[in-house]
Each structure stands twice: as structure tokens, then as C-alpha cells.
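Asker: Sequence:
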Amino acid sequence: MSRRPAPRLHRGAEVDSDVFQRQLIFWLAALLLFVLVFWLLSEILLPFIAGLAIAYLLTPLTDRLERLDVNRLAAVGLLVAVPLAATIGVLSRFALRHYLQSSFYTSENAD
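So this note's numbering is basically just the index in the sequence shown, starting at one, shifted up by 246.
Don't read these hints as lab results, they were simulated from the structure.
Simulated DEER-style distance windows between Cβ atoms:
#1 296 to 267: 36 to 44 Å
#2 341 to 306: 30 to 38 Å
#3 276 to 305: 27 to 35 Å
#4 340 to 272: 50 to 58 Å
#5 298 to 340: 28 to 36 Å
#6 287 to 337: 27 to 35 Å
The C-beta atom is built at its ideal place from N, Cα and C for all residues, glycine as well.
Build the full structure now, drawing on both the sequences and the hints.
Answerer: See below:
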């Protein structure tokens, strides 16, 4: 039984190793730069990311309304108008309740 000799590295293997090392350094530097830019712009990007998340979550509802023969623009308007109206209603009730309990309404401090 003869043993096979250990494979000898040829010049191409060294070149492949150098190329791989350069590519690895490039991609690590690009990743580091991306993370740094993302961290520096995080306050600016947060509203855009929130908007993307909301759009992603509301797309199935919009598609369902479209299948019910509602125009896509009307479906999007409905999905924006209903929560907006609910928020305005809640905030106006909150403001009215606090106004009615304030000294502006009860005139306790009127001189």
C-alpha cells in the first residue's frame, strides 16, 4: 500500500489566498463604514425605517381592500384616515377633560 504524497501548493494557491485576504479586508471595511454611517444617521433614518415598517404591515390590508373592489388610492386613504381620526378623537377628549378641570373653565382664580 503506497501513501500518496502531500499535495504541493502551486503559485496559484498563494495568489488565491492573497485575493481572498484583500476581499475580506475590503468587505470588513465596507461593513464597518456602513455601520458607522448608519449609527451617525440613526436619528434621521428612524422615521424612514418606521414608515417602511408601517407600509410593510399595512400592505396586506390594502391588498384585501383591493380584492373587495376598492380603489388602491381609496384603500390607502382609508387606512390612513381611520387611525388618524381615532387619534384626533382620543386627543380631543383628553384635552377637553383637562380643560374642564382647569382653572380656565372653573374660574377659581378669576380676580
